[in-house]
Amino acid sequence: MKMDESELIRAAQRGDQTAFEQLVRLYDQNVLRLALNLLRSPEDANDIYQEAFLRVYKNVHTFRFDCSFHTWLYRIVTNLCLDALRKRKVRREEDTVVETSEGYLDRMDTVEEGRADGDPQRQLLSRQLRVRIRAVLNDLTPRERTVFEMRHYQGLRLRAIGEVLGTSEEAAKNCLFRATQKMRAALGDFV
Amino acid sequence: MKCDEARKTLPLFLYGELSFEEEERLESHIDECSGCREALEREKALFQSLDSAELQPSAELLAQCRAGLEQRLENTQPERGTFWDKVREGFTIHFHFAPGLAQPVGAVAMLLIGFLAARMTPAYFPGMFHAASIADPATSRVRYIEPAGQGKVQIVVDETTQRTLSGNLEDETIQRLLMAAAKDPSDAGLRVESVNLLKNQPQSAEVRRALLYAVQHDSNAGVRLKALDGLKDFADDPETRQTLTQVLLTDQCPGVRTQVIDLLIQHHGPSMVGVLQEVMGKENNGYVRLRCQRALHEMNASVESY
Numbered sequence: 001m002k003m004d005e006s007e008l009i010r011a012a013q014r015g016d017q018t019a020f021e022q023l024v025r026l027y028d029q030n031v032l033r034l035a036l037n038l039l040r041s042p043e044d045a046n047d048i049y050q051e052a053f054l055r056v057y058k059n060v061h062t063f064r065f066d067c068s069f070h071t072w073l074y075r076i077v078t079n080l081c082l083d084a085l086r087k088r089k090v091r092r093e094e095d096t097v098v099e100t101s102e103g104y105l106d107r108m109d110t111v112e113e114g115r116a117d118g119d120p121q122r123q124l125l126s127r128q129l130r131v132r133i134r135a136v137l138n139d140l141t142p143r144e145r146t147v148f149e150m151r152h153y154q155g156l157r158l159r160a161i162g163e164v165l166g167t168s169e170e171a172a173k174n175c176l177f178r179a180t181q182k183m184r185a186a187l188g189d190f191v
Numbered sequence: 192m193k194c195d196e197a198r199k200t201l202p203l204f205l206y207g208e209l210s211f212e213e214e215e216r217l218e219s220h221i222d223e224c225s226g227c228r229e230a231l232e233r234e235k236a237l238f239q240s241l242d243s244a245e246l247q248p249s250a251e252l253l254a255q256c257r258a259g260l261e262q263r264l265e266n267t268q269p270e271r272g273t274f275w276d277k278v279r280e281g282f283t284i285h286f287h288f289a290p291g292l293a294q295p296v297g298a299v300a301m302l303l304i305g306f307l308a309a310r311m312t313p314a315y316f317p318g319m320f321h322a323a324s325i326a327d328p329a330t331s332r333v334r335y336i337e338p339a340g341q342g343k344v345q346i347v348v349d350e351t352t353q354r355t356l357s358g359n360l361e362d363e364t365i366q367r368l369l370m371a372a373a374k375d376p377s378d379a380g381l382r383v384e385s386v387n388l389l390k391n392q393p394q395s396a397e398v399r400r401a402l403l404y405a406v407q408h409d410s411n412a413g414v415r416l417k418a419l420d421g422l423k424d425f426a427d428d429p430e431t432r433q434t435l436t437q438v439l440l441t442d443q444c445p446g447v448r449t450q451v452i453d454l455l456i457q458h459h460g461p462s463m464v465g466v467l468q469e470v471m472g473k474e475n476n477g478y479v480r481l482r483c484q485r486a487l488h489e490m491n492a493s494v495e496s497y
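Same order as they appear, the protein sequences are chains A and B.
Residue 29 in our numbering sits at position 29 of the first sequence, with consecutive numbering throughout.
In our numbering, each residue carries its 1-based index in the second sequence increased by 191.
Incorrect hints may have been included.
[To be verified] Sample of chain A residues facing chain B (criterion: CB under 7 Å; computed from the structure):
no.: 1; residue: 22
no.: 2; residue: 36
no.: 3; residue: 37
no.: 4; residue: 46
no.: 5; residue: 50
no.: 6; residue: 64
no.: 7; residue: 66
no.: 8; residue: 130
no.: 9; residue: 133
no.: 10; residue: 178
no.: 11; residue: 182
[To be verified] Cut-off 27 Å, straight-line C-alpha distance, at most; resulting in silico cross-link-like pairs (BS3-like, lysine-lysine):
no.: 12; chain 1: B; residue 1: 473; chain 2: A; residue 2: 182
no.: 13; chain 1: B; residue 1: 235; chain 2: B; residue 2: 199
no.: 14; chain 1: A; residue 1: 182; chain 2: A; residue 2: 87
no.: 15; chain 1: B; residue 1: 374; chain 2: A; residue 2: 173
no.: 16; chain 1: B; residue 1: 343; chain 2: A; residue 2: 182
no.: 17; chain 1: B; residue 1: 235; chain 2: B; residue 2: 193
no.: 18; chain 1: A; residue 1: 182; chain 2: B; residue 2: 235
no.: 19; chain 1: A; residue 1: 173; chain 2: B; residue 2: 423
no.: 20; chain 1: A; residue 1: 58; chain 2: A; residue 2: 87
no.: 21; chain 1: B; residue 1: 193; chain 2: A; residue 2: 173
no.: 22; chain 1: B; residue 1: 374; chain 2: B; residue 2: 423
no.: 23; chain 1: B; residue 1: 343; chain 2: B; residue 2: 423
no.: 24; chain 1: A; residue 1: 87; chain 2: A; residue 2: 173
no.: 25; chain 1: A; residue 1: 173; chain 2: B; residue 2: 235
[Unchecked claim] According to the in silico footprint, chain B covers these stretches of chain A (three or more CB under 8 Å from chain B):
no.: 26; segment: 24-34
no.: 27; segment: 52-60
no.: 28; segment: 147-156
It should be emphasised that the hints constitute simulated quantities derived from the structure, not laboratory data.
Just so it is clear, CB atoms sit at the ideal spot from N, CA and C, and this is done for glycine as well.
Could you build all of it, start to finish, from the sequences and the hints given here?
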C-alpha cells in the first residue's frame, strides 16, 4: 500500500528503513539539483546530499510537524550549502568558471546532463552566455545566491524561502531584489 | 506609478510575487508607457537566459549519491533522542482520523502519558531490584549510589512508566491533559497538536480560556494561529473580543494580527472603529494596514482618528 508523506514520516520515526528510503526518493532529486547549482561541483553536491539525508535520518524523531517536511529538509540542506559557500569564500577556492584563450569555460559543462536536443530555444542559447551567467552567480553573496536559486530554479515562493532560511518574506524579497539587480547590471547588455 | 518604481518591481512581477494592488498599478503603468513595456520584454529575455544556466544533475551523479547514502546509512543508527525527547515523544498524540471524518468532534484521543514520574514512586526500595531487572537506562535515572559491602553496590533508581489513556475529546481528563500539554514550554510541536485538538471544543469555557491564553502568551505564532482558529465562532463573546483587541495591538506576527482583524470585524461596533484606527496609527506592515483600511471603509469610518 502506498503511504502518503506524513505516514512515511511517522513510519520513519518508528525506524522503518523502507519508509525512510521512500521519503528520500520524494525529495532527493530536487535536493541534489539545489546543491549542484549552489556549489557548482558534483563532488560537493554529493557530499551535501549524503550529509543532509544522514542528518534527516538521525533526527527524524525530532520532527514535530510544526512546519512542512519540505521546509525542515530544505532548512538542513540550505544550512549545509551556505556553510560550504561561506567556507569557500574564505578559502577562495578555484572557481568552476575559468578564463582561457578561447574565452570563458565552465568545468561544469562537462558534468551535467545533456540538454534536450529537440529544444530549439535551448540550441539558440550560446554556451558563452551560460558561462557568463554562472560567473555572475558566483559574485552574489551566499545568501542572495541561495534565495535566487530557490526562487528561480526551484520555484519556491518567497514566503516559503523565508521560512526555510528562518527569516521574513520581506527579507527574502529584498535578497532576491538585490540578486536580480546585480544580474541585470552584469548581463543587461549581453541579453 | 513612476518609471523608476515600475522597473524595480519588474522581476517580482515576473515571479508573481507582487500583491494584487501592486500588480494592478504596474500593469496600468505598463499599458501607458512604451519604455517600461520594452524594459519588461528585456527582463523576460533575461529570465529566459537565466533558465538556460541551470545545471541538471546527471542520472549517474544521482545514482552515486544514492549509493553513497545507502552505504552510510548501513553504518548509522537513528539517534534515540535525549531523555527529554523521550518524555516529549511520550506525550505525543498520534491522531488519525478516518478519511472523510473532517469534524473530529467526539473522536477518540489516544494519549500517551509519558513518564509519570519518578517523584511519585517510593524513593527507596531496599533490595528490590536486581541489576538485570532494571529497564533501559534511558528511561530510568540513578538517584544515588551506596557501597553495600562485600564488593556490592546499592543503587537507587527512579524509574518512569508510560500509561496510555484513551477517551474522547469531551472527556474531562483528556481535556485537562491536553490543556496542560498546550502550555508545555519546551515543545511547540506538542502545543500545536494539543491546541489543534482543543480548538474543536471551544464551547467548554475552560477550553476557551486555554485557547485565549495560547493566543495571548504562546511564543510560537503557529500555536497562536491555531488557537485563533478555534475562537472564530466566539468573535461576539466580550471576553474573547477584549483579549483579541489586546493581541491585535501587541502581537509581533503580522499573520496573527491579520487573522485577529478578520475575527473582530465579523461584528462591527463603534469600539471596533477606534481599535482599527489605533492600529492604523502604529502598524508598520503594509498588508495589515491594507486589511484595516478595508475594514474601516466597509464600516464607513475614516482611516484616521481626529
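Can you name, in rising order, the numbers of the hints this structure does not satisfy?
-> Checked against the structure, the hints that fail are numbers 1, 10, 11, 12, 15, 16, 19, 23, while the rest are satisfied.
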